[in-house]
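As given, the protein sequences belong to chains A and B, one line each in that order. Residue 64 in UniProt numbering sits at position 64 of the first sequence, with consecutive numbering throughout. Residue 154 in UniProt numbering sits at position 154 of the second sequence, with consecutive numbering throughout.
Careful, some of the hints might be misleading.
What the hints assert, rightly or not - If you only want the chain B side, here are some residues facing chain A, beta carbon under 8 Å, derived:
{"#": "1", "residue": "169"}
{"#": "2", "residue": "289"}
{"#": "3", "residue": "293"}
Stated by the list, open to error - Which chain A residues stay away from chain B? Per the calculated CB distances, all over 12 Å, these:
{"#": "4", "residue": "5"}
{"#": "5", "residue": "10"}
{"#": "6", "residue": "24"}
{"#": "7", "residue": "103"}
{"#": "8", "residue": "107"}
{"#": "9", "residue": "111"}
{"#": "10", "residue": "129"}
{"#": "11", "residue": "130"}
{"#": "12", "residue": "244"}
{"#": "13", "residue": "248"}
{"#": "14", "residue": "303"}
{"#": "15", "residue": "310"}
{"#": "16", "residue": "315"}
{"#": "17", "residue": "322"}
{"#": "18", "residue": "358"}
{"#": "19", "residue": "375"}
To be clear, the hints were calculated from the coordinates, so they are not data collected in a lab. Quick reminder that beta carbons are idealized off the backbone N, C-alpha and C, glycines included.
There are 2 protein chains.
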Amino acid sequence: MSGPGFDVDDPLLAAAAWSRLAEPGDEVAGALVAHLGAAGALAWLLEVRDAGLVEAPDGLLVDAGRAAASGSATAAGSTTAVRALAAAVTRWTPRLEDLDPRRELRVLEHTGGTLLLPGDPRWPRGLDDLGAGAPFALWVRGEADLAALAARSVAVVGARASTSYGEHVTAELAAGLADRGFTVVSGGAYGIDAVAHRASLAAGGATVAVMAGGVDRMYPQGNHALLARVVGAGALVAEVPPGSAPFKQRFLARNRLIAAMTRATVVVEAAWRSGALSTARRAARLLRPVGAVPGPVTSMGSAGCHQLLRDGVATCVTDAAEAAELAGTLGEDAAPERDGPVGEADGLDAATRAVLDALPVRGAADPAALTRVAGLSLPAVLGALGVLEVRGLAEQDGARWRRARRALPARAR
Amino acid sequence: MSGPGFDVDDPLLAAAAWSRLAEPGDEVAGALVAHLGAAGALAWLLEVRDAGLVEAPDGLLVDAGRAAASGSATAAGSTTAVRALAAAVTRWTPRLEDLDPRRELRVLEHTGGTLLLPGDPRWPRGLDDLGAGAPFALWVRGEADLAALAARSVAVVGARASTSYGEHVTAELAAGLADRGFTVVSGGAYGIDAVAHRASLAAGGATVAVMAGGVDRMYPQGNHALLARVVGAGALVAEVPPGSAPFKQRFLARNRLIAAMTRATVVVEAAWRSGALSTARRAARLLRPVGAVPGPVTSMGSAGCHQLLRDGVATCVTDAAEAAELAGTLGEDAAPERDGPVGEADGLDAATRAVLDALPVRGAADPAALTRVAGLSLPAVLGALGVLEVRGLAEQDGARWRRARRALPARAR
Chain A
1 MSGPGFDVDD
11 PLLAAAAWSR
21 LAEPGDEVAG
31 ALVAHLGAAG
41 ALAWLLEVRD
51 AGLVEAPDGL
61 LVDAGRAAAS
71 GSATAAGSTT
81 AVRALAAAVT
91 RWTPRLEDLD
101 PRRELRVLEH
111 TGGTLLLPGD
121 PRWPRGLDDL
131 GAGAPFALWV
141 RGEADLAALA
151 ARSVAVVGAR
161 ASTSYGEHVT
171 AELAAGLADR
181 GFTVVSGGAY
191 GIDAVAHRAS
201 LAAGGATVAV
211 MAGGVDRMYP
221 QGNHALLARV
231 VGAGALVAEV
241 PPGSAPFKQR
251 FLARNRLIAA
261 MTRATVVVEA
271 AWRSGALSTA
281 RRAARLLRPV
291 GAVPGPVTSM
301 GSAGCHQLLR
311 DGVATCVTDA
321 AEAAELAGTL
331 GEDAAPERDG
341 PVGEADGLDA
351 ATRAVLDALP
361 VRGAADPAAL
371 TRVAGLSLPA
381 VLGALGVLEV
391 RGLAEQDGAR
401 WRRARRALPA
411 RAR
Chain B
1 MSGPGFDVDD
11 PLLAAAAWSR
21 LAEPGDEVAG
31 ALVAHLGAAG
41 ALAWLLEVRD
51 AGLVEAPDGL
61 LVDAGRAAAS
71 GSATAAGSTT
81 AVRALAAAVT
91 RWTPRLEDLD
101 PRRELRVLEH
111 TGGTLLLPGD
121 PRWPRGLDDL
131 GAGAPFALWV
141 RGEADLAALA
151 ARSVAVVGAR
161 ASTSYGEHVT
171 AELAAGLADR
181 GFTVVSGGAY
191 GIDAVAHRAS
201 LAAGGATVAV
211 MAGGVDRMYP
221 QGNHALLARV
231 VGAGALVAEV
241 PPGSAPFKQR
251 FLARNRLIAA
261 MTRATVVVEA
271 AWRSGALSTA
281 RRAARLLRPV
291 GAVPGPVTSM
301 GSAGCHQLLR
311 DGVATCVTDA
321 AEAAELAGTL
331 GEDAAPERDG
341 PVGEADGLDA
351 ATRAVLDALP
361 VRGAADPAAL
371 TRVAGLSLPA
381 VLGALGVLEV
391 RGLAEQDGAR
401 WRRARRALPA
411 RAR
């Protein structure tokens, strides 16, 4: 059989080729490329195809269990690495037929985009935590320095079928994160994703949309204008080459990139089976902090968030400060402590508060009576009355004491 | 000085006396009564008062730190047990003056109530976990067997300033718990408490209101009719005798009874400084499971619940089944696993789903083309097509395959 019509030894072309040959997250391909390099792995594949016989390269260890977990149904039953590899080869070879990454790179070039390879200083290093499941390359439109964009970043994800509550909270969250210098990373989908990108843009922040299909396709079509603006204020990213369709499996695979690329993932609104939950669980497995925004228990749109909270996967996040705390630098980005409104009796010690409570709402009382009502000694009562007088909460009336008007319960004023 | 006009050796009268002499949660009194018995402690107090000199009874250990924490400002500076005890005596003696528990027992009798003492089989044993802070007695109206009521119980508490959301959720929760045979315990206050009692009553369940003041006072007045119904379907309970006013301090102290008496505490709605949070934190310290119901992050009424979730004090609870699971018997009361709606492609393995995704929305494709699009081998594609055909998701069209109408994305149908 004939070889492809391009230089298979070119590392860039070879990486681009693998991003088309293997489905995202194919860990057998990942292990092979890690072992031989993209070009070496491609040469090996061509050789194996031509020979019609699969022999594992020296020293390659393919974990058959992981290969099965990566979605290869034919490998699921095999018990040896070679069988996993052989099964993978049958998945890859049909795509060798019309393989030509130069064509896809030309499409990328037309959009002004960049093909990023692992090892590039602009490569977002968080992706390395995916191990054999890491992408072979990233097709990027917009700002190519994803390492800089991801250094201070939060994934804000959620349901396509968002409620106005979820959209409101997302907008607050994304704008607040942008204000704090965080890149908002999301999936470019309708609903929560779109609001996250839009609010980040409106706040002048950087935002990154990680696509399930090719970056030449502004999918979904209805978000075309929004995604074009994302290119101008951040980046559109995909691990599949231009022209690739956003299949369902690729959405799930894409979610691992969002989880791995960012410092934390916050799910704003998600029903039971929302894809956003897979992003959250993936982030948790990658030891990234995960936040979930609670909502009404009567809304199915928050049910997935509540499940993440129940499962202990996520921390409860109610505003941008708390989201920033998840993703940020310890100390620098700590959310402020909450304080309620300050009441009249705040800061009083227990005895003083007890004497204030013991003062009658109407009329006055002598200190001896207050000892009995408050359950305190006379010196303690007299001390407390002094404090209350200074605070303007009690007034002396001859030998008796009364509440000052401002210390009366609201209903008695 | 003269002794009181009642039989101080009567354990019932002595316990009743201590429930008036010491403020709820006074751990010095608790330690003294635990050491000498209520009658012995009362005799000791009378003796000390008459002698004008405090000497600790043999073998009594009063933890000065705990005494200070229990709210005695005068004891806060003392470093020895005797000084803590001396300070406590000055708190208690003013109330010796008009002490007569027989009068308060007569009031209780008029309401048909019961004075429960520790050790009574009807005493709710959970209170024993309060140690020296346990109540000396419980003044009960209604069903006196609190042990039976508390055996399967959940505290449902929350803000007085409830929202219609909080009230709705409380009603669902309390009714669902009543349906499952749980006693709903709350504080009889306006807002969430009142809804919890009312919904439990409406569902035919048992409910207990733990009051901060005496059980003769149906406080707050606006809940009078409701509390009267609670007496008929459960109990009204207080640790302070009839006639006692519901001071602010007593609300906080009362919360510890709710927390200790029940198997779990669920906070439905609470602002930052709601008393319901103190109940929850107390329950957590007593190693009782705590639940918090999330709500809109835009509602201050849920802010306290979210804080409990953030602090890891509470588990996220969204319905009665989950509340029952917190409080119930392992296995018996487990909340059901959640399932989302079942989709067309549910239960398909990864390869089959990939082939379904690869089938064009319009027109048909041959298996060879599907291998390239799905990234699978030909045998895998053919196997998947067979499964899809059986499931009615794909149709053969000569040598090509098309999606069945029901497998088309909604927008393409």
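Do the hints match the structure? See the list:
The restraint placing residue 169/B at the interface with chain A holds, with a minimum CB-CB distance near 6 Å, inside the 8 Å limit. Violation of the interface hint for residue 289/B is found here, the shortest Cβ-Cβ separation to chain A being roughly 12 Å, above the 8 Å cut-off. Against a cut-off of 8 Å between C-beta atoms, the interface hint on residue 293/B holds, since the closest Cβ of chain A lies about 6 Å away. In this structure residue 5/A is separated from chain B by more than 12 Å, as the shortest Cβ-Cβ distance comes to about 17 Å.
Listed as outside the interface, residue 10/A is consistent with that label: its C-beta sits roughly 23 Å from the nearest C-beta of chain B, beyond the 12 Å cut-off. The beta carbon of residue 24/A sits about 9 Å from the closest Cβ of chain B, which is not more than 12 Å, so the claim that it is off the interface is violated. The claim that residue 103/A lies off the interface holds: its Cβ sits roughly 15 Å from the closest Cβ of chain B, which is beyond the 12 Å cut-off. The beta carbon of residue 107/A sits about 18 Å from the closest Cβ of chain B, which is more than 12 Å, so the claim that it is off the interface holds.
Non-interface status of residue 111/A relative to chain B is upheld: no Cβ of that chain comes within 12 Å, the nearest being about 23 Å off. Residue placement check: residue 129/A keeps its beta carbon more than 12 Å from all beta carbons of chain B (closest about 22 Å). Listed as outside the interface, residue 130/A is consistent with that label: its C-beta sits roughly 18 Å from the nearest C-beta of chain B, beyond the 12 Å cut-off. At the 12 Å boundary, the C-beta of residue 244/A falls inside the reach of chain B, the nearest C-beta of that chain being 10 Å off.
At roughly 5 Å, the least C-beta separation between residue 248/A and chain B is not larger than 12 Å, which violates its mark as non-interface. The claim that residue 303/A lies off the interface is violated: its Cβ sits roughly 7 Å from the closest Cβ of chain B, which falls inside the 12 Å cut-off. Its closest Cβ contact with chain B, about 5 Å, brings residue 310/A to no more than 12 Å, contrary to its assignment away from the interface. Look at residue 315/A: its CB is around 6 Å from the nearest CB on chain B, not clear of 12 Å, so calling it non-interface is violated.
In this structure residue 322/A is not separated from chain B by more than 12 Å, as the shortest Cβ-Cβ distance comes to only about 7 Å. Taking the minimum C-beta to C-beta distance to chain B, about 7 Å, the non-interface status of residue 358/A is violated against the 12 Å cut. Its beta-carbon lying about 4 Å from the closest one in chain B, residue 375/A breaks the requirement of being farther than 12 Å from that chain.
In this structure, the hints that do not hold are numbers 2, 6, 12, 13, 14, 15, 16, 17, 18, 19, in rising order.
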